[in-house]
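Student: Whenever a hint applies, use it, and build me the whole structure from the sequences.
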Amino acid sequence: MVKLKHIAKACKSKNAGPFHITLDIMFDKPALFEQVRETGVINAALIAQLYGVAETDILFTEYAPALAWKATLPRRIASGAVGDTDVYGAQQHAPLLDIEIPLDIAA
Amino acid sequence: MTRKSVRMMSASGILGYGFPEASLQAALALKPDMIGVDGGSSDPGPHYLGSGKTLNSRLAMKRDLGLLLRGAIANGIPMMVGTCGGAGGTPHLAACADIIREVAAEHGLHFKMALIEAEQEQGFLLEQLEAGRIKPLGNAPELRAADLKDAVRVVGMMGPEPYLAALQAGAQVILGGRGTDPAPWAALAMHHGLPPAPAWYAGKILECACNAAIPKKHDCLMVTVGEDYVETEPLNPELRCTPLSVAVQALHENASPIIRYEPGGVVDSSDCRIEALTDRRVRITGMRWTERPYTIKLEGARQAGYSAIAIAATRDPGLIGQLDTFMDFVRESTATKVKALGIATEDYQLVLRLYGRDGVMGAWEPHPDDAPTEVAIIAEVVARTQDIANAALSLARVTLLHSDFPGRMCREGNMAFPFSPSDIERGAIYEFMLQHVIEIDDPLRMFPIRYEDV
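Protein chains in written order, with my numbering: chain A, 1 to 107; chain B, 1 to 454.
Partial list, derived from the structure: chain A residues whose beta carbon lies under 7 Å from chain B:
1. 14
2. 15
3. 19
4. 59
5. 65
6. 66
7. 70
8. 78
9. 80
10. 82
11. 83
12. 87
13. 88
14. 91
15. 95
Hints are computed from structural coordinates only; laboratory data are not their basis. Don't be surprised by glycine CBs; every beta carbon is placed ideally from N, CA and C.
Tutor: And the structure:
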C-alpha cells in the first residue's frame, strides 16, 4: 500500500462555478498513472465516500491526456454564502492525500 | 499545406494580477493579431457582483490596461478585455472604461472603443421567465419571479458574438461585461474566418494565460490558431508549455475536462492530440465543436444581510477538550441575551467557525476529533441590519470570553483576542443565486454595444 500523496504529482480542489467543487488527481509519469489506473481504486464511489455525497451527484472523469482524474461535486454551501468556509474551494483536497493505493512502491 | 492562422496573446489570468512588461514586448515583436486579458471570475465570491466593486484595485488595473492599450494602439491591433472589473456588471465595465479614457488622455491615444453591457434588466428577465425561456442547470431549482425580484444584480455570460460584432464595426478597443472566459479570443479567431472548434479551444487555453505553462506564474501566453490546430508557447523564456501543462489548463475550473458547454454549442476535447513541437511549444489537434440551441448562462447576486465578525482563540486544553458542548452553550446563552435586546430570532444568525478543528472543511473534515494545541474561532453574525449584527456579535464575543465550563482553570477569561476593537463590521454581504440559462435565438440581444471615439 502507498498513500496517494506519496506518488501523485498533484491533488487539488477548486471551484467549478459558485455551486460546485472540482477535485483533480494528477500524475506526471505515464507508467505510474497506468499502474494506478489498473488498481481501479480511484473512482466515483471512493470520492462519494470520502466527501459524504451521493455517487450520483458526482461527475467523474478519467482524463488520460493529463494523466488525471477529475471529480466534480456540489459544494456544501455555495461560494461565499453564509456559513461557507472556502470561497475559492481551494482547500478541500486533504481527504485525497491519504487514499491508499494497493501498489508496492516505496514512498 | 499553407493555411490561414492568427496569433493572439493573453496578458494574465485576471486583469490587475500583473505581468512582466518584457513578455508583452516579446509578444508585440511577434506581430500578434490581438492582445487581450480576461478580467473576471466568479471565484472570488459574490461580493463583487453584489456590491458593484471591482475585484482588483484601480491602480493594478490601470497598470495592466495602460501597457496593453499603448501596445495595441502602437501596433494597430485590437485590444480586448473580457468580464471587466471582476464581475462584469455595469459599474465594473464603467470602472474599466474610465481607466481606458484616462490612459488615452495621458498618452494622447485615439481609437474607436466598444463597450458591451452584460447586466440584465429585471423586466426583461421576468418576461423571459414568464415565457418559459429560463431553465435550471443540473439539479438547480426552478426559478421563481420572487427570486428575480430579490436579486441586486444579474449578468448574462456573453458568447463571442458581441465581440465579433464590435470587431466588424471597426472597434479597436473592446471592453466586455460578463462573458464566458474564452469569448474575446474565440471572437478574434472567428473574425478571421477560423472555425469554432480551434477558436474556442484557443480561447480556453488563453483565458488563464500562463496557467497553461510551467512553472506556474502570472505571465503572458501566445497562441497560434489555424483551421484545425492550436499551438501555444509562453513569451517568458523561463516558462514552458508541455503537453501535460496544457492538459492541466483543460482541467482548470471546469466540471469536465473533455466537454465544455458554451453559448451555442459544446467544445469536445475527447479526441484531442496534444504534442510537444519543441521543449516549450505545444500543438493541439482534434478538438470538435457541436452546435446546440443557443443559451446564455445567468449569474446573479442577492443581499444576504449585514455581517460583523470577531476573531478569538483558545490555548486552554480543558476547553479544547469540550469545544462542542462549550459552543452549544455559547449559542444558547448568546441567544438569550440577544432576545433581551428585543431582537427577533429570525433577524440574525450566529455562525462559529473553529479553525484548528474543522474551520476549513466543516462537515467534510475527515479528522474532526484530532486534538489541536490551539483553536481559533471566527464568530460571525449575519443580520437584517448592521446594528443588529453589531449588537448580537458583541454579546457573542462576551459570551465566548466569560462562559464557564467544567474544570475551568483560566478564571479571568477563556479567549485570546488578537485585536482591539475585536469586532469588525463587514457591511452588506451577498450570495450567488442563479444556476440557470436563458434560451435566446439572438446572441446579441442581451448585450448592447455602445461605441465611443476616444
